Amino acid sequence: MTSNPLTAHAIDAIYNERPIATPILQILNTKPMPQAQPGATNRYRVLFSDGINVLQGILGTPLNHLVESKALQKYTIIKLNKHHIKPISGRKLILAIELDVLDQFGDVGKIGEPLAIDGEPAPQGAAPVAASGSAGRAVQQQQQQQQYRAPQNNPYQQQMHQPQQNHHTNQTVMTPSGAPVSSISSLNPYHNRWTIMARVTQKSDVKTWSKPNGNEGRLFSMTLMDDSGEIKVTAFNQQVDDFFNVVEEGKVYYLSAAKVDIAKKQFSTVKNDYEIVLQRDSQIELAQNSHNVPEMRHEFVPLANLVNHNEKDTVDVIALITDVGEFTDNISQKTGKPLLKRDLTLIDPSGFTTRVTIWGNQAQTFALPGPHTVIALKGASVSNYGGKTLNAFGSTTFKLNPDIPEAFDIRGWYEKHGKDFNFQTHSSDFKPTAETPRMTFDEVKLAAANLDPSQTLYFEIKGTIVMMSKSENTFQYPACPKAGCNKKVMEDGNSWRCENCNMTVPEPEYRYIMGVNASDHTGQDWIQAFNDAGRVITGRPAEDLVKNPELVPITFAKSTFKSYIFKCRAKQESYRDEAKVRISIVAIHPLDPVEESKKLLKQLEEYGI
Amino acid sequence: MTLPTTKRINSAMLQSTIGETVRFVGELKGRQDNIATFLSSDKGTVMVHMSDGAQYGTKFMEIIGTVNGDRSINEMTSTNFGHSFDLETYDAMIVKAQKFPSVF
Numbered sequence: 001m002t003s004n005p006l007t008a009h010a011i012d013a014i015y016n017e018r019p020i021a022t023p024i025l026q027i028l029n030t031k032p033m034p035q036a037q038p039g040a041t042n043r044y045r046v047l048f049s050d051g052i053n054v055l056q057g058i059l060g061t062p063l064n065h066l067v068e069s070k071a072l073q074k075y076t077i078i079k080l081n082k083h084h085i086k087p088i089s090g091r092k093l094i095l096a097i098e099l100d101v102l103d104q105f106g107d108v109g110k111i112g113e114p115l116a117i118d119g120e121p122a123p124q125g126a127a128p129v130a131a132s133g134s135a136g137r138a139v140q141q142q143q144q145q146q147q148y149r150a151p152q153n154n155p156y157q158q159q160m161h162q163p164q165q166n167h168h169t170n171q172t173v174m175t176p177s178g179a180p181v182s183s184i185s186s187l188n189p190y191h192n193r194w195t196i197m198a199r200v201t202q203k204s205d206v207k208t209w210s211k212p213n214g215n216e217g218r219l220f221s222m223t224l225m226d227d228s229g230e231i232k233v234t235a236f237n238q239q240v241d242d243f244f245n246v247v248e249e250g251k252v253y254y255l256s257a258a259k260v261d262i263a264k265k266q267f268s269t270v271k272n273d274y275e276i277v278l279q280r281d282s283q284i285e286l287a288q289n290s291h292n293v294p295e296m297r298h299e300f301v302p303l304a305n306l307v308n309h310n311e312k313d314t315v316d317v318i319a320l321i322t323d324v325g326e327f328t329d330n331i332s333q334k335t336g337k338p339l340l341k342r343d344l345t346l347i348d349p350s351g352f353t354t355r356v357t358i359w360g361n362q363a364q365t366f367a368l369p370g371p372h373t374v375i376a377l378k379g380a381s382v383s384n385y386g387g388k389t390l391n392a393f394g395s396t397t398f399k400l401n402p403d404i405p406e407a408f409d410i411r412g413w414y415e416k417h418g419k420d421f422n423f424q425t426h427s428s429d430f431k432p433t434a435e436t437p438r439m440t441f442d443e444v445k446l447a448a449a450n451l452d453p454s455q456t457l458y459f460e461i462k463g464t465i466v467m468m469s470k471s472e473n474t475f476q477y478p479a480c481p482k483a484g485c486n487k488k489v490m491e492d493g494n495s496w497r498c499e500n501c502n503m504t505v506p507e508p509e510y511r512y513i514m515g516v517n518a519s520d521h522t523g524q525d526w527i528q529a530f531n532d533a534g535r536v537i538t539g540r541p542a543e544d545l546v547k548n549p550e551l552v553p554i555t556f557a558k559s560t561f562k563s564y565i566f567k568c569r570a571k572q573e574s575y576r577d578e579a580k581v582r583i584s585i586v587a588i589h590p591l592d593p594v595e596e597s598k599k600l601l602k603q604l605e606e607y608g609i
Numbered sequence: 001m002t003l004p005t006t007k008r009i010n011s012a013m014l015q016s017t018i019g020e021t022v023r024f025v026g027e028l029k030g031r032q033d034n035i036a037t038f039l040s041s042d043k044g045t046v047m048v049h050m051s052d053g054a055q056y057g058t059k060f061m062e063i064i065g066t067v068n069g070d071r072s073i074n075e076m077t078s079t080n081f082g083h084s085f086d087l088e089t090y091d092a093m094i095v096k097a098q099k100f101p102s103v104f
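Here the protein sequences line up with chains A and B, keeping their order. Heads up: the first sequence runs through residues 1 to 609, numbered per UniProt numbering. Heads up: the second sequence runs through residues 1 to 104, numbered per UniProt numbering.
Just so you know, these hints were derived from the structure itself, not from any lab. One or more hints might be untrue.
[Claimed, not checked] With a cut-off of at most 27 Å between alpha-carbon atoms, the simulated BS3-like pairs for lysine-lysine come out as follows:
no.	chain 1	residue 1	chain 2	residue 2
1	B	Lys7	A	Lys599
2	A	Lys598	B	Lys29
3	A	Lys79	A	Lys92
4	B	Lys43	A	Lys602
5	A	Lys562	A	Lys312
6	B	Lys43	A	Lys599
7	A	Lys92	A	Lys110
8	A	Lys416	A	Lys482
9	A	Lys445	A	Lys562
10	B	Lys43	A	Lys264
11	A	Lys599	B	Lys59
12	A	Lys251	A	Lys86
13	A	Lys445	A	Lys462
14	A	Lys598	B	Lys59
15	B	Lys7	A	Lys602
Source: prediction; values computed, not measured.
Chain A extracted, bound-state conformation (with noise of 0.2 Å):
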């Protein structure tokens, strides 16, 4: 034996993950790994040793040729340079990124009797596997376990059965490099012998989730993406452990021995049939060279165009924020939760402005990391509360100040002209412009019977007012002042109380709230009016007929017999266990008999009359 040029226990400090800077080490062994199809890319694994410890790696493929042209063999001695340390199933080894053949020492046998660090049986020793001896069992039972753990590695098994030195290194072969990358569009729960390669679009955070049955756990996921599609990955409990702090948003990795199911779309705004769930033995591992996979996919929507999106949609946004509200933590009456919320004002070149309201630890800690802050926003579910608002939930990601032509288009934009815009709001008013299904009683008796509880239905109703409010007393309801509160008062003593405000006021605003029978050729209805459509139908704001009660019976009669365009929503509600379709009118526009007209001969022409 030469004088030893290895850098000791070397090994010791890469297993432990302790920075080392180019050990000296000794190859023991290398060897191509079994490859799942014929054409795929080879890779070798190979035994480190630095005299005292072994321990087993991977080559990076860039570094194959060295194998190939057997400047790297047995007994090589070379200098690592760069490498990572890969846990894979449990076990950690080295991933060989860049390394130096150190040919100067010549021909040299093996150094030292180095043992396995990582508590293994030295596979360096001459001693077969089915040897006896408590090593061999020890061997034995993993190899089992190993095969119960990933029975989808099959081709991989068949290596396992065969009697060789390297054998409980096989788990490395489920290296997904080593295999043909599948699509992601191309996963289906009938086939779990896939790798993917694909980019981490969006990764939450660690959530915990409890039932009453007391069954509680916890869990994250993340969007994969690659040229084919998205598909959403999730991890519970253990699997939360082993690869949370594996996986960082942006990058690029290989997944593989995971399960595919059918997408909980409740919980999923992924657009994929199907969702991958983590498994004890998937392997998950950073793809160095990830040019062919996209980067981040942005669809993104001009403010104005919101109001073409329905309730729900998800959409793409980039815009500048220009105000950050405040923090807010209200217990959620519904659930009894604290709700952790914050609003932002975003602004658009399209010349619109818009809320989007963050939920969560993102509301809590946001900040903006200076003025003119850009913001690209992944999978906002559109709102239609108070107009056209976004959302963020669980499943949107954002970035401020993302890295992309969007951002510095709309920054320049604001520069030049954003200052002195006016920006329209996307209003709870009617809108000509949105497209809202005109329909008859008969149709709308029709859709609010199949109208599911969560959905809303939005309609436009021609129909004349044949009946008002049945009570002459309970159309209106005393209101707080109040800009934005609008919340009932009550009267205490010579002045009114809002408890939502918190204050007394002298004189509260009248406010109405009735229903209204319309009617057109097919049928008729209730439908409820607040207080701007009251004051459409009645002309004259409710405080009047509150002080002058003898104008109702007049002012209603008046009423009665006029055409309106309604524009209404229609919800299930359930009244006293009864589920009941409630119509409300969101607007009211007098019928304008020449536009009417219009509309009807042009639906004579669409007939072709």
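Put chain B on the given structure of chain A with help from the hints.
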């Protein structure tokens, strides 16, 4: 008492309704003695021989009368149609009405 069916017409239809009782809506453009000039819904000019004591109170009028050989109308009665009336839409309506005489 049954009133005769009165076809709604524009100026182009006068030729085919000579001798018939018709219903015409137009915009009053002027009058000389007892002859009033109207702009019809198809942008033609129609002369109306006003009945005795006829009073045209608004910009738009509806005239019921018989069509003379010279395509003028002898007024029987008239109705004020207000100051705002969409003649174009009305014209579209009477063209359609001609196609479906059974409905009108």
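Check the structure against each numbered hint from earlier and tell me which ones fail, lowest number first. Violated hints (numbers, rising): 5, 8, 10; every other hint is consistent with the structure.
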